[in-house]
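On the provided structure of chain A, position chain B as indicated by the hints.
Here the protein sequences line up with chains A and B, keeping their order.
Read in the numbering used here, the first sequence has 36 at position 36, and its numbers run on one by one without any break.
Read in the numbering used here, the second sequence has 393 at position 393, and its numbers run on one by one without any break.
These are computed hints drawn from the structure, not numbers from a lab.
C-beta: ideal position from N, C-alpha, C; glycine also.
Errors might be hidden in some of the hints.
A few chain A positions that, by computed beta-carbon distances, are all more than 12 angstroms from chain B [to be verified]:
1. F7
2. S8
3. P51
4. P55
5. K105
Computed spacing ranges between beta-carbons, pair by pair [to be verified]:
6. F26(A) - G74(B): 27 to 33 angstroms
7. L11(A) - L392(B): 51 to 57 angstroms
8. G273(B) - I77(A): 54 to 60 angstroms
Some residues of chain B that are not near chain A, with every Cβ distance over 12 angstroms (derived) [unchecked claim]:
9. N169
10. S173
11. F383
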Amino acid sequence: MELLYAFSVGLLTACGVYLTLRGRTFPVVLGLTLISYAVNLFLFAMGGLLPGRAPILSEVGTEYADPLPQALVLTAIVIGFAMTAFVTMLALKARAEDGHDGVDKEAPR
Amino acid sequence: MSHLLITPLLVPLLAAIGIFWMRSQPQGARRHIARALSTLSVLYLNLVALLLISAVSGGQTLSYALGDWPAPFGIVLVADRLSASLVWLTALLSLAAIAVALRGYDARGRHFHALFQLQLFGLNGAFLTGDLFNLFVFFEVLLLASYGLLLHGGGAARTRAGLHFVVLNLLGSSLFLIAAGLFYGLLGTLNMADMARLVGTVGAAERGWVAAAGLLLLTVFALKGALLPLHPWLPNAYASASLPVAVLFAVMTKVGAYAILRVETLIFGPLAGPLAGLYQPWLLPLALLTLVAGILGALSSTRLALQVAYLVVGSAGTLLTAFALDSATGLSAGLYYLPHATFAAAILFLLVESVALRRGALGDRLAPGVRVADGPILGALFFVAAVLMAGLPPLSGFIGKWLLLRAALDHAQAAWVLAVVLSTSLLAMVALARSGSLVFYRGEGGDALPKSLPALGGELLALLWLLGLALLLLVAAPAFLDFTDATALQLLDPQHYIDAVLTPHVEVP
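If we strip away everything but chain A, and leave its shape as in the complex, we get (with noise of 0.2 angstroms):
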């Protein structure tokens, strides 16, 4: 399983940073989204993968994840949402004050 999640967090951020790395806004901010998706599946594997524990810590077993994790997963989703909505009405306001969607001031090809 380590492996199949390794190269899953792996892929999503070669694809970001492919999009990233483009001449126009919406593959950038599609290349952010990736980017941050893997960022969140990295930080959750942090806590180590181990299925059927218990979700904190109980009295009946020894045996429980990792909470703390899924905690920094939440706030870092929430501040990427709101990041990924700014950046979108960014690419917008820019694309109706210019008249193209490029990166830069010059339109792309």
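Frame of chain A; chain B shown alone:
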């Protein structure tokens, strides 16, 4: 437990919430309430910052457990000399920014005061937090507010600069999260004092991973602090920001420098065992190259605002050069240079805007043309500001650079530091002399000037306030240097910080 530590966070946050609450009020009343709340909050912050700095000036490190959850399980706020002095610097600078904003800049867009207060909340939080993930959150708060502030006033140039700023910082945030995640996976904690305690004990197999996480953090902070390969976002963003925002942004690169200094001395400091001094081989060459890049940019600028923004990059390079020397004298020199560079940048941004308003259609372009209205007073102020920025005697910039050069003499790379700092000082002087003479001496006639010019009101007040502070830095230099020396020694003794954060709670299982 004293609640003094959380007050610099609560005051601007509550002010921002209060301003948002006033949205149902009629337009005119809303603006007055927003202005009043914002001004009161900034004044109160100055008072709180004074109390905070007097509470830590004896060498204590104060720790505040949020919700009374014991460290390292809960989040702590920590104030030592460094944190408290940066909170104070932010408060002093925000006073100048608000004086300018009240001149009507705040009415050129929506929600200026709420965003301004949230920016102060994020800045103070970043300086005071003792938790790595919390530092990420406060970075996001201050960045979100700065995105809004950068766009304040509208216009296509601002949108374009804002887009680049936002996308770059979003990538930086992703890297920060990866670094924080790696640290948590390797050390099992995100409390910076606890990390500093544990980082020396990691096994040889995991040492490389910790180093990778640490260098990822350096990358993120280098982006905020405008260190060389990651500096190109700064000039356009700062040059296109509206005036009160540009004044406040003078402290933004210092957040990156603060974070680098904190992680360098605390987590990868003398207690880190084999990982001690992880940033050393990177920091000095990058800082010197940043200095060169900034000054070359300033020389080649065609607009005055852009030139000042490049000088900000150069001063970030100077500051990090001082921090990279990794000696008590070097840190002390850097800590003296930090407030000086902040004031100098803010003063120059204020002057650029005032001059651009008085040159008609020519604006701040570096070309001979119309005679500047109010030329004598603005020219004299520009001369003083240029002397300040270039680091010429007798003003505080000279003391900062002299201390830096003296500290560099003990360093192995002293020749490089001396050569780069001295030659870039000369070039900065040339750049400022050229633009000063172009703008103020080579003007003819005044026909193209706008008919009614705004009087030099709030801008002049803010200018005199900041010049006074820079002068105080010079007059009271012995007292300031005692303080920065003590701060440097405190930073080089991370055990004190760790004890202050963790000791009251070690008995908790």
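Each hint tested on the structure:
no., hint, verdict
1, F7, "holds (17 angstroms)"
2, S8, "holds (15 angstroms)"
3, P51, "holds (18 angstroms)"
4, P55, "holds (18 angstroms)"
5, K105, "violated (6 angstroms)"
6, F26(A) - G74(B): 27 to 33 angstroms, "violated (42 angstroms)"
7, L11(A) - L392(B): 51 to 57 angstroms, "holds (56 angstroms)"
8, G273(B) - I77(A): 54 to 60 angstroms, "violated (36 angstroms)"
9, N169, "violated (9 angstroms)"
10, S173, "violated (8 angstroms)"
11, F383, "holds (35 angstroms)"
Going down the numbered hints, you'll see the structure goes against 5, 6, 8, 9, 10, while the others check out.
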